[in-house]
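K.L.:
Chains as they are written, first to last, in our numbering: chain A, 1 to 533; chain B, 1 to 428.
Hint data in this document are derived by calculation from the structure and do not stem from the laboratory.
One thing to keep in mind: the hints can contain errors.
As a list, the in silico BS3-like pairs of lysine-lysine whose alpha-carbon atoms are at most 25 angstroms apart [to be verified]: (1) A:62 with B:318; (2) A:62 with B:101; (3) A:369 with B:313; (4) A:369 with B:406; (5) B:99 with B:116; (6) B:301 with A:62; (7) B:23 with A:62; (8) A:62 with B:18; (9) A:154 with A:164; (10) B:23 with B:101.
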Amino acid sequence: MPESDVIIIGSGIAGLHAAYPLVEGGVRVTMLDVGLDESHTLEEGVPLSFEEHRRSDAGQDKIFLGDDLSGIGASTGDAGHAGAMTSGRRRYIVRGADTHAPVRNDSSVITQSLASGGLSEAWGAVCGFFDDEELRSVGIPPEEMKTHYAAIIKRIGVSGTNAKHDLQSPAEIDDNSTRILRTFLSRKPFFDNMGFRVEQPALALLTRDKDGRRATAYRDMDFWDNIGRSIYRGHYTLETLRTYPNFTYVPDIFVKTVRQESAAVIVVTKNTATHQDIRFRAKRLIMAAGAINTTRILLRSFDLFDTPVPLILKNNYLIPNLLLSRLGHRSDPHRHSLCQLIMSGTRHGGNPVNAYVQLYSYKSLLLYKLLRYVPLPVPEALSVLSLITPAMVLADVRFPMSAGTFGQSILRKDVSGDHLEITHTETPAHKTAQDKKIKPIKRALRALGLLPLTSVRNPFGATSHYAGGVPYSESTVEHVLSVDRDGRLHQADRIYVADAASWASLPAKPPALTIMANANRIGTRLKSAILLQ
Amino acid sequence: MKVLITGAGGFIGTMVTKHLLEKGYDVSGIVRRGTSISFDHPHMRWHVGDIRDTAFLEICVRDIDTVVHLAAAKADEPESFAVNVTGTKNLIAACHAAKVKGFVNISTISTKLSKKGVYGNTKHEADELVQASGIPAVILKPSIVYGDIHAGIFGTLIGYTRLPVVPVIGSGTFTSRPIHVADVAVAIEHTLVRQLPRACAIYDLGGPDIVSFNNLVRIIAQEIHRKKVVLLHIPIPVAYLLARVFEVLTKKKPITVSNVIATGQDVKVDAEVFFREYDFHPRALRQGLRDMLRDRDSEKKESYALLRYVMPKAPIGKYHTDLFERAVGAYGLDAHHISPFILSTRSRIGAFDAVTRLLRPSGAFQRKLLIAAAILECSPLSSDWLLPQERSLQSLAMDIFRYGFKVIGKLMLGVLLLCIPGLYKHNA
């Protein structure tokens, strides 16, 4: 039975950045992971731009549709948005999750990953810095976070502008977004009054070379390949960690249960290749399998079947807009594909809307994906789409979800073992309230020169942001499972939770950066505790 | 490499054009006025005009590296000389002016006959012009070229062999080496890959089988119609007379004087030199005939019909139909078959598309169209069509109008299709 100081379950961003300070500090860390990895296919090939691929690459179907043609999405149940980032060659990121980690859910969408690097292998790289109020609602002490945000920025490379942090210079934005930003600046007092601000997002996209990774070449292939490694992906950090002698990465391991004994933690696992049971032992354990699977493993380990625990899911609204002034313009193909601008509610002013709106252009995406929204015969639909998509701006609207809302997870026994039952019952009043907030947002979009065409409400979970299960709590009685402010489980003091399972809310901003920074905080505090002994 | 193909709309020309595009060449093609251009490609440029027009030729050869000269008047026509000889002369002059680096002339084995008809004579003169031009050149002299079940000598033969008794001019003992048109395209591409010789090189081009005309008729009857035939030999003087009569009476002649002259003489097709020098392995005759049948059948297939419907002008190939079939399997749509009635014309597919899009947008028919759309979009074929372009608001509005009319037309026809009992139920 291999033994180490700390075992970390999962190689997603939480596990990696909790591991980092520990490994740097000389602590012996073992990371257990299923670790599917086909990321090399995304780094191979000639670094052509999206247009160059489209014009001259006869084998482009392999990139855009994948070898398994999953990119077409012609199944009846294919969810448009949630699947968009994990189709084609990124399909492996979600492969096998359904069978290894079964979920029964109602109307919600649950995306899980067994890939090395986890869902960061498919993320959109938008970095949201939580303000103090947001951090407190999550259960993270705000006063500790500045140094940890700074550590992550230094580690992964973030570009943009931020008053409190030193970032790489912001990435160039495309023609449509330049236009929108100019409109905003020229009418700033008007937007101040409305309570909205438009700015460039901070992105985990390099604009300067860093650690062997290249500054973005603006090839507009960010959704399709990792050539140049400009966008941060978790497995780069894993590669770095693996160069340390005190770090051990054990792939093909699926964790079943964890158990605390007098002076150690035992992790019972199954090898996914040989199906053998293997036990691991360490002095401490960090859970970082993602909010849903950390919850699953802990519920199973504490024999808490049929016991509901909180789960926070986020939904989003997609508002496709036409930027009328740009109709008929080809636009410069020299661009990045990520979020171009964000429009956020300032939460002050006359009509406060706490929303985070990400603006994307629909350029390096494919038209056939939109066919379902255009009820014309296919050739005409494609023609019309080719005319209007260059002037299309997609607004992805998100609202904060607080604790104790509508979601819960329950671990249920079944014939093949167990599964996680996820229920999400939103009250009609909540839906109405959310719908109402779309109105001022559309008004703001119109003021930016955009024509909102419609708004599509995506189901809860569609953003792939999940939290709760083992939430932060001062007291030990409020929840069956909960953690203290250091991420330490009240119910077993050698077990820590580094991922968003410990979060008591989900702010509107994307959580990834804060998950990394908080994991770094938990890892750092644990390192101090271990080194002190 | 930039290649200009004359006669690009013809039987061999179309095949050569598609093959070169597939191999990544930039291709310009000259077609006669009135020829319908059957496909578009981002690396393809079409010139419509006359090979006898010197000013037009000068525009066509600009920036061209190599010219593949296929244009010719095949039947004995009054303009044979002007097209085959004067046309070639003009083209060579234009090539000189534009400093074209290579010239591939597609001649005919008929130029080797001791007694030639108009076709053989004019092509022979053209060959001499090419040889004397001083431009590095290759002259290919193909034997019978086949590959399309509906066209060329084989098209005619396939028609005749349907009869219980097949008329054959003369003894039918003269031999030929039929070569599949796709192999001719490969041969031409082979000559482009290699540096053309300084002086002119001349090769006979043929398939691996040497067959007498009698055997050719028998093999075709066997492979295509699966039957045996009786041959009726027509003495040459009688055939000659018939050809003369046809020449006077009809425009579209079943036999020409050149045909009759050719049948009386045996030419040795020395194809092995080219096989050896260019490591060229054309398919056997029987294989070629089977490929021909398969090509005909594949045009009736669902994959081809739907892809063709989404992008009528795209040169849809096996690569795309294979992808389509793989996707249909991957998405579990194997069991669904679209009735031949709908597939038979593009307008019926369009009409059915218009109505199912509204009535059953996630039905099997629409999912298959989605697959076709995805496959075509993820191909260079669609880049000119679908990638963003700079355009005026006026043209934008015009286009939208045009699509509007098309949609209305499809919808109206679609409503009619709905009236056919069972059609919607079984296909949507």
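K.L.:
Each hint needs a verdict: does it hold in this structure or not?
P.N.:
Verification of the hints:
At most 25 angstroms may separate the alpha-carbon atoms for a hinted pair to count; residue 62 of chain A and residue 318 of chain B meet this at roughly 16 angstroms. With a CA separation close to 37 angstroms, the supplied pair residue 62 of chain A and residue 101 of chain B exceeds the 25 angstroms bound. For the given pair, residue 369 of chain A sits about 22 angstroms from residue 313 of chain B by alpha-carbon distance, which is consistent with the 25 angstroms threshold. Among the hinted pairs, residue 369 of chain A with residue 406 of chain B is consistent with the structure: their alpha-carbon atoms are about 22 angstroms apart, no more than 25 angstroms.
At roughly 33 angstroms between alpha-carbon atoms, residue 99 of chain B and residue 116 of chain B are farther apart than 25 angstroms, so this suggested pair is violated. Restraint check for residue 301 of chain B and residue 62 of chain A: satisfied, since their Cα atoms lie roughly 24 angstroms apart, inside the 25 angstroms limit. Between residue 23 of chain B and residue 62 of chain A the CA atoms are separated by roughly 18 angstroms; this keeps the pair inside 25 angstroms, and the hint holds. A C-alpha spacing of about 22 angstroms is found between residue 62 of chain A and residue 18 of chain B, which places the hinted pair at or below 25 angstroms, so the restraint holds.
Only pairs whose Cα atoms come within 25 angstroms are accepted, and residue 154 of chain A paired with residue 164 of chain A is accepted, the gap being roughly 14 angstroms. At most 25 angstroms may separate the alpha-carbon atoms for a hinted pair to count; residue 23 of chain B and residue 101 of chain B meet this at roughly 20 angstroms.
Taken one by one, the earlier hints fail for this structure at numbers 2 and 5, listed in ascending order.
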